[in-house]
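Engineer: Okay, here's what each chain looks like letter by letter:
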Amino acid sequence: MTFSRRTTATGALAGAAALALVITGCASGGGEQTGADGDITLTVATFNDFGYTDELLAQYEAENPGVTIVHNRAATSNDARDNFFTKLGAGSGLADIEAVEVDWFAEMMQYSDLLADLSDPEIADRWVDWKTEAATDADGRLVAYGTDIGPEAVCYRADLFAEAGLPTDRAEVAALLEGDWDRYFEVGDQFVEATGGAWFDSAGATYQGMINQVEFAYEEEEGTVIATENPEVKAIYEQVLEASETQSAHLAQWSDDFFAGMANGDFATMLCPGWMLGVIEGNAPEVTDWDIADVFPGGGGNWGGSYLTVPAQGANVEEATKLAAWLTAPEQQLQAFDSAGTFPSQTAAYSEDALLTATNEYFNDAPVGEILVNRSEAIGVAPFKSVKYFPINDALQKSLTRVDVDGTHTIESSWEQFVAEVEALG
Amino acid sequence: MTATADRPRATGTPPTAPPTKRAPSDTTGKTERQIRRIAFSQTLSRWDFKYSPYLYISPFFILFAIVGLFPLLYTAWVSVHEWNLIGGQGDFVGGDNFAFVLQQPQFWIALRNTFSIFLISAVPQVATALLIAAVLDRNLRGKTFWRMGVLLPYIVAPVAVALIFSNMFGDQYGLINNLLGQLGIDPIGWHSEVLPSHLAIATMVNFRWTGYTALILLAAMQAIPRDYYEASMLDGAGVVRQFFSITIPQLRPTLIFVIVTSTIGGLQIFDEPRLYDSAGQGGASGQWMTITIYLYNLGWGQLNFGRAAAVAWLLFLIIVLVGLLNLAITRRIASGDNPQKVLDRASRRAARSAARTARTARTRRDQEVDA
Chain C
1 MTFSRRTTAT GALAGAAALA LVITGCASGG GEQTGADGDI TLTVATFNDF GYTDELLAQY
61 EAENPGVTIV HNRAATSNDA RDNFFTKLGA GSGLADIEAV EVDWFAEMMQ YSDLLADLSD
121 PEIADRWVDW KTEAATDADG RLVAYGTDIG PEAVCYRADL FAEAGLPTDR AEVAALLEGD
181 WDRYFEVGDQ FVEATGGAWF DSAGATYQGM INQVEFAYEE EEGTVIATEN PEVKAIYEQV
241 LEASETQSAH LAQWSDDFFA GMANGDFATM LCPGWMLGVI EGNAPEVTDW DIADVFPGGG
301 GNWGGSYLTV PAQGANVEEA TKLAAWLTAP EQQLQAFDSA GTFPSQTAAY SEDALLTATN
361 EYFNDAPVGE ILVNRSEAIG VAPFKSVKYF PINDALQKSL TRVDVDGTHT IESSWEQFVA
421 EVEALG
Chain X
1 MTATADRPRA TGTPPTAPPT KRAPSDTTGK TERQIRRIAF SQTLSRWDFK YSPYLYISPF
61 FILFAIVGLF PLLYTAWVSV HEWNLIGGQG DFVGGDNFAF VLQQPQFWIA LRNTFSIFLI
121 SAVPQVATAL LIAAVLDRNL RGKTFWRMGV LLPYIVAPVA VALIFSNMFG DQYGLINNLL
181 GQLGIDPIGW HSEVLPSHLA IATMVNFRWT GYTALILLAA MQAIPRDYYE ASMLDGAGVV
241 RQFFSITIPQ LRPTLIFVIV TSTIGGLQIF DEPRLYDSAG QGGASGQWMT ITIYLYNLGW
301 GQLNFGRAAA VAWLLFLIIV LVGLLNLAIT RRIASGDNPQ KVLDRASRRA ARSAARTART
361 ARTRRDQEVD A
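Protein chains in written order, with the numbering used here: chain C, 1 to 426; chain X, 1 to 371.
Honestly, the hints are just simulated from the structure, not real lab data.
Predicted, not measured: the structure shown is a model, and the values here were computed from it.
One or more hints might be untrue.
[Unchecked claim] Facing chain X, a subset of chain C residues (Cβ under 7 Å, in silico):
#1 F85
#2 S255
#3 Y350
[What the hints assert, rightly or not] Chain C residues, not near chain X, derived (Cβ > 12 Å throughout):
#4 A134
#5 A138
#6 D182
#7 F216
#8 G223
#9 D256
#10 F259
#11 D266
#12 A325
#13 A340
#14 T347
#15 D404
#16 G407
#17 S414
[Said to hold, decoys possible] Calculated lysine to any residue pairs in the SDA-like style (CA-CA distance at most 20 Å, straight line):
#18 K388(C) with A354(C)
#19 K388(C) with L85(X)
#20 K388(C) with E82(X)
#21 K87(C) with T254(X)
#22 K87(C) with N64(C)
#23 K388(C) with G299(X)
#24 K388(C) with N206(X)
#25 K322(C) with N64(C)
#26 K87(C) with G90(X)
We treat Cβ as the ideally placed atom computed from N, Cα and C, and that holds for glycine.
With the rest of the complex left out, here is chain C:
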């Protein structure tokens, strides 16, 4: 569980408003009312902030007379997950369009036959390849339309870099960190030697960036769990923990200490998907030295992102599919990026000026649009995430925490506990 924790941060803010929306939304029922004159009501269930503003939805209603859209927003992705699986199992009660987060996307794909087939040759090339591939089930049915993705860059504190005698300009930093993870930790050693401070926030967050570059980390394609025997996993685990001994700020990601550390300059760099920019700005509003470099160790990496699905149980599957396609079209996705910062997964959007010229004042006017487009193009590997991916990843994150944050275990003893926990998942 990594991505969903940002939902606690942003979700808390959206909470009150979302609750009101959910209450009023629920009152209007599961979206199966069909008026006498053929009018239909489509329900859209999302969580946090997808950037689907009332104006955006009104635009669709104006273009499609007779369609009324009801938008229900859950406060957190976990709430949406509980709701989704309960009603999917019950066979009724889901909205016409349901948003799904990558965190529980693999779990959902087990039941892809309960979702409508959304394949449409006209829009087949709309998304980045790996996003579409993940949403295609074993029978070749496309069951979900991609919304946003989380291409990762490196955020850094220019002031701390200067203190360590490292370059501060974002292009020079990108050049400095260009390379694999060994390079990243090497520069980290230089930094620690010069200042005595921490290079990155936590072993867990850094590990997440590293493991997302491994295609088959925990499971093989046919479902065999290899997490505990995979030498690649063990090697990454050891590498990050050995580096964290001196380079980590030992802050558990998303803890109160972690947010405080972000503002206090406890660490010099952190891995930064697009949506993380808002998290940093929100938690360290006074700091003027955060910057972002167009680089990511070991190639590109993706962290997070969501999909829209159309459950087959709905009464208006056809109309809902149309709306879902419209919502995930490049034009609408750009509007969503504008209002909520969700970075598009639509390739056509990447050549749009609105995205390419986007800058971020907080990060010293960094051209975030351009940087993130570059970063998304650098993503080479889409990790294979099957049913057990998340419980296993969760267990591994805990074993990193035991060594890095709690200091209660050694690298070896914590790994042993991880192995035992994976076995217990059986």
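Fit chain X to the given chain C structure using the hints.
Structural biologist: Relative to chain C, chain X alone:
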């Protein structure tokens, strides 16, 4: 009532006989019919007396059967099957789910944590609540203000309490470790060590529940006849002696109630440990993972409802066991100050109602016996 006295006659009358004997209408017939009528209305009133209280109380039990008993039994049914949230019922597996859970070290860690948190929250809580109630029971200015004051923390939503406290108990930037640092004490690993994390969670629980418990105990204290205190004062008993020899023994039924309910609540603790860190899983090595969190992780995390249901039933059994144990111990403790043999319930009730009507002189005699 006289119902029992009439019984032989009423039942002795053949029910079909009277209508056929209408015509003769001799004296014996008349009396017979009268007897019958009295007998029937008396039967009704007997039924009324015997059964209608059950009828009046039945809505609760009907409701309980639907919303309480059914889920309980259904959970038992789920616990002996393989059960996935979406796939639903799978194969019958008998006790496998229970066996699996009992073999998990995590379950035993969760059990240890639950009891540890329960003990370091419930015991100080009831003790403090008892003291607060005793103070509130004295003559105070602005009684209502103080009484509402102790209830104030209870109004705060548990989620808010957990957020504020887990911030205070932060490992590096928490308020408490900051204060400790200024006193030259090393920071405590509120989130990494077992006992400190339990203490922090127990603090949240106590913050919220102590006032509530105190008010319940206060209500019971106010029902204790003042005569007892006046009498004991005349005998020269101090405040402390009064507290131990009158207040606590008189509070016994309420204490049992408070202890049993706080046991149930304490063993089901969920909100506070779940919100204690952002992951909500009870810590990286399960430092503060309670049974309900373990249950939640099995059910909603792994979508394995069969195992989750098995944990739910184990928790149910544990609570019943501890509740019974509790009851036995509380009965001892609450009457322990009384050197007299414990009176049986009927005579205690009689003594109490007598005390209520009797005058000081009488009460004094009781107190002498007590002393």
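Engineer: State for each hint whether it applies.
Structural biologist: Hints versus structure:
no.: 1; hint: F85; in the structure: holds (5 Å)
no.: 2; hint: S255; in the structure: holds (6 Å)
no.: 3; hint: Y350; in the structure: violated (33 Å)
no.: 4; hint: A134; in the structure: holds (20 Å)
no.: 5; hint: A138; in the structure: holds (17 Å)
no.: 6; hint: D182; in the structure: holds (27 Å)
no.: 7; hint: F216; in the structure: holds (22 Å)
no.: 8; hint: G223; in the structure: holds (15 Å)
no.: 9; hint: D256; in the structure: violated (5 Å)
no.: 10; hint: F259; in the structure: violated (9 Å)
no.: 11; hint: D266; in the structure: violated (8 Å)
no.: 12; hint: A325; in the structure: holds (26 Å)
no.: 13; hint: A340; in the structure: holds (22 Å)
no.: 14; hint: T347; in the structure: holds (33 Å)
no.: 15; hint: D404; in the structure: violated (9 Å)
no.: 16; hint: G407; in the structure: violated (7 Å)
no.: 17; hint: S414; in the structure: violated (8 Å)
no.: 18; hint: K388(C) with A354(C); in the structure: violated (39 Å)
no.: 19; hint: K388(C) with L85(X); in the structure: holds (15 Å)
no.: 20; hint: K388(C) with E82(X); in the structure: holds (17 Å)
no.: 21; hint: K87(C) with T254(X); in the structure: violated (44 Å)
no.: 22; hint: K87(C) with N64(C); in the structure: violated (29 Å)
no.: 23; hint: K388(C) with G299(X); in the structure: holds (14 Å)
no.: 24; hint: K388(C) with N206(X); in the structure: violated (38 Å)
no.: 25; hint: K322(C) with N64(C); in the structure: holds (10 Å)
no.: 26; hint: K87(C) with G90(X); in the structure: holds (18 Å)
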